[in-house]
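A.B. asks: Under the numbering used here, the letters of the sequence shown match residues -19 to 816, in that order.
Hints should not be assumed to be uniformly reliable.
Unchecked claim - Straight-line distance between alpha carbons at most 25 Å, and here's what the computed DSS-like set of lysine-lysine pairs gives:
{"id": "1", "residue 1": "Lys355", "residue 2": "Lys335"}
{"id": "2", "residue 1": "Lys355", "residue 2": "Lys381"}
{"id": "3", "residue 1": "Lys557", "residue 2": "Lys407"}
{"id": "4", "residue 1": "Lys338", "residue 2": "Lys392"}
{"id": "5", "residue 1": "Lys246", "residue 2": "Lys207"}
{"id": "6", "residue 1": "Lys508", "residue 2": "Lys564"}
{"id": "7", "residue 1": "Lys107", "residue 2": "Lys143"}
{"id": "8", "residue 1": "Lys513", "residue 2": "Lys564"}
{"id": "9", "residue 1": "Lys143", "residue 2": "Lys202"}
{"id": "10", "residue 1": "Lys264", "residue 2": "Lys222"}
{"id": "11", "residue 1": "Lys407", "residue 2": "Lys318"}
{"id": "12", "residue 1": "Lys485", "residue 2": "Lys326"}
{"id": "13", "residue 1": "Lys378", "residue 2": "Lys326"}
{"id": "14", "residue 1": "Lys446", "residue 2": "Lys501"}
{"id": "15", "residue 1": "Lys485", "residue 2": "Lys407"}
{"id": "16", "residue 1": "Lys355", "residue 2": "Lys338"}
{"id": "17", "residue 1": "Lys222", "residue 2": "Lys207"}
{"id": "18", "residue 1": "Lys381", "residue 2": "Lys360"}
{"id": "19", "residue 1": "Lys474", "residue 2": "Lys557"}
{"id": "20", "residue 1": "Lys381", "residue 2": "Lys392"}
Source of the hints: derived by calculation from the structure; they are not laboratory data.
These numbers were taken from a predicted model, which means no experiment stands behind them.
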Amino acid sequence: MISIWMSVIVMLVAFVNGARNEDVIQPCANIRTSSSVVPLGSPVTATCVIREDCLPVSGQAVHIEWRLDDRFIPSSPVASESGGISEVVIPSFNHTRAFLTCCLQASPVQVAGGVEIRAGYPPESPKNLSCQTNLTTSNTLTCSWDAGQLETHLLTQYTLHTKIWDSNRNYTYKLPTGVHHYTIPRSDFVLFSEMEIYVEAVNELGEAVSVPIILEPVSATKFDPPKILKVEAVPKRYGCLKLSWSLSHHQAWIRNFRLNLEVQFKTADSSQWSEQPILVSRIKPTRPVDQCRLLHGTQYFAQIRVRYQQSPWSEWSSSQSGVTLESAPTGRLDSWVKLSGDHMHKQINIHLFWKPSKQFRPNSRNVSYIVSVQKLPGVKGKVCSSMGNYCTFQLPRKAKKVYLSAVNAAGKSSPNEVRIYQPKALKVISDITATPRDDRALLVQWKSVDTSSIIGYVVEWRPLLKTDLSLTRFEFANRNESSIIITGSFEPYKPYGISVYPRFKDGIGLPQTVNAYSRQKAPSVVPKIRIKKTWKSHIELTWDEIPLDQRNGIIQGYKVFYWDEKGPINVVSAHPKERRVVLKDLNTVSLYEAFMMVSTFGGSINGSTIHFEIEPFDAVTVVMIVIASGVGMSLLVIFIVMTCFSNHKRLKGRFWPDVPDPANSSIKRWTSESTQDTHPSWDNDEPNPIYLSHLSFLDLPMKLSKQEDDLWLNSAEDTSDLGDSICGSPFIPGYSGSNSYSVPYATVIFSGPCRSPPPKEPHVYLRSESTQPLLEAQESFSPKCYHNMATDGMPREQCFFGPCDDCIAEEGADPVVLWDDFPFLQALALNDTQND
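Build out the structure end to end from the sequences listed, making use of the hints.
C.D. replies: Right under this line is the structure:
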């Protein structure tokens, strides 16, 4: 763009500053250069001569400067009397096109003249000249060539030259710029006459000519694709097919040409054509072609193409199929046996797989397979037959081998012996891996712990999403191999189970299995996150396993992203087999959001977002509190019950006081010497007399009024304020009144103080203070008679404490008191003795 504007400026300035001569504008300067078109990078020399009528002052030196486009160039000025002359040298012209101008130093600078200089390269010789004749509708000869990789930066003219030798006619065809092919009409060439053809390239820096070619136009013909009429078996010739063919409809007039023909085949179950086509030389059109050395009884598809001498091959024809003659199958079958069933049963299930070996020839399109327990298959010995590559049957556990044969309409193959080995519980395979090589191949690698007894390996694979056992494939590997490439039609994003079995001389060991994909991508779904339980500041999230058909690859792991409205995003990873995570250190007052990302080797996918929050008291905490409270209460109850049982005597005394039986009392064995220092004894089985009952001794006046008697009776509940009523008794140390563990048995009232001499009046006996009746309680204060046993064994009555109306005294005898029979009275007697 700059150069264009400079050229416009130069032209305008030249016209403005030019002098008029006969109404023609002439420039003020004449610029002469070595060449206006130079090779790129070559030096350029230019001279500027200023006309005298354009000089400001005639005869004086002027200052001239040079510019290349908009860049200043140093020059060597030369002054003369007739005008200004200046010369400039450009050591290396690196522009493909530029304007060189000569200017006068003035205010402003005046452009005196200018010239455009272009640079480039001379043309290369055209290469790869070829011509092709079209014999379809319009017979023409088309030639094409390559201009070369070098860019000349100059316009290059190409010219096609032809010379027919027989007629000595020459033709020249000039082509538009940039066109590198030309079609010669049918009138300018002869099909069966040789001609010389070459191409000339010319530009401003030079010219170049291609290497000429000499050809016969008919030999440069590219025929239309031929047509196969029929493919059929050759009678009585196994493995041979006969092909009938012809040229296209437009080229059917060619009958006497000797053409070259190529044939290629492929079987019906193959997707690849034969690598090396079969060449048939110098054959006339419509003549059938026989092709042999093919498989027997096999359906083939055939294609052909033709050419004349060294002309280009035609395109391949459409395919046609034919079947060779059938013969009995030959070769052996590779087989693989697997056993299943309970070892307790006499019959075992046998799964037999087979495939053709490299030497096997079915020699027929319809082949079936027979499994028999006899070497020569018969009706009785046959256990299985199939048109596929798999069979299941049952045999006795003692069976050692079966025979596998291929059968077609022409006969049977030799039986293949298949050994039946019991599986061995040996695990010698480890670290099995499967790596995809491409969409149709997987590299399986493994390691063996012990290879001394191994004779080989069996690599088995099958699609996991399909249950058809006929899709099972297998390959054998040698004992020295630890890897194998398995090929097949593996579907992308679908799982395949690959197992490696060790083979021993007498059995098959335990396999190692791995899942593999030929191509992986992100899973189709993301499992839904569920909250399993929460406790304190933790929460456990779980999810279900992704279905196998939606994984699209091997799961590498799970990641759970969670955050609250204030905190950063946290990430927790989980192993593919765990499917659970625990989020820790959560705030109980925050609302959290979380989502899961599942990854495979082929990509990752994110799931939907869930919301959750932590309760201050979750169910687990409440249950723990309830359990702890229950345990505490249970321990307390147990402690109380144990305490009660350990102190049952005290409790019994509180709620059910013991009332002693006077007849069975042990107080009669007390003595003053033995009871003065008596202390409670807890080891004695018999109740302690001190705590069973006690005696209260009261000092009362000689005469007891009725009112006082009533007061005494009304205050029977509390005797703690009777003053010195209890004194001097050696039997009740520490007695504290009615709240004691024992119940007072009786109260004895004295008429005077305890230390006073014995009163003359008899003692007064009061009823017991016990709240329970002792024998039969009587309200009367009159003494009663006690029936005691006499020494002679006869009962008798004795009266104590005064006269008794019920007693009958013996005549002439004083009443005798038996103290041993009345322990309480014995105590009184002891007390009296002490008072004396």
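A.B. asks: Given the proposed pairing of lysine 264 with lysine 222, does the C-alpha separation stay at or below 25 Å?
C.D. replies: Distance ~15 Å between lysine 264 and lysine 222 Cα, so the pair holds.
A.B. asks: Does the structure keep lysine 143 and lysine 202 at a Cα separation of 25 Å or less?
C.D. replies: With a Cα-Cα distance of about 22 Å, the restraint between lysine 143 and lysine 202 holds, given a limit of 25 Å.
A.B. asks: Keeping to a limit of 25 Å between CA atoms, is the pair of lysine 513 and lysine 564 held or broken?
C.D. replies: holds (12 Å)
A.B. asks: Would the hint linking lysine 508 and lysine 564 be met if the CA-CA limit is 25 Å?
C.D. replies: Status holds; Cα separation ~20 Å.
A.B. asks: Is lysine 338 within 25 Å of lysine 392, Cα to Cα?
C.D. replies: Satisfied, since the Cα-Cα distance of roughly 18 Å is no more than 25 Å.
A.B. asks: Within 25 Å, alpha carbon to alpha carbon, are lysine 446 and lysine 501?
C.D. replies: holds (20 Å)
A.B. asks: Next pair to validate is lysine 378 with lysine 326; report whether the Cα-Cα distance is within 25 Å.
C.D. replies: Roughly 8 Å separates the two Cα atoms, so the pair holds.
A.B. asks: Is the Cα-Cα distance between lysine 557 and lysine 407 25 Å or less?
C.D. replies: Cα-Cα ~24 Å, so holds.
A.B. asks: Taking 25 Å as the top limit, are the C-alpha atoms of lysine 355 and lysine 338 close enough?
C.D. replies: Distance ~23 Å between lysine 355 and lysine 338 Cα, so the pair holds.
A.B. asks: Within 25 Å, alpha carbon to alpha carbon, are lysine 355 and lysine 381?
C.D. replies: holds (10 Å)
A.B. asks: Does lysine 326 sit within 25 Å of lysine 485, going by the straight-line distance between their CA atoms?
C.D. replies: holds (24 Å)
A.B. asks: Need the status of pair lysine 407, lysine 318: alpha-carbon distance at most 25 Å?
C.D. replies: At roughly 16 Å apart (the allowed maximum being 25 Å), lysine 318 and lysine 407 satisfy the hint.
This entry satisfies every hint, going by the numbered hints stated previously.
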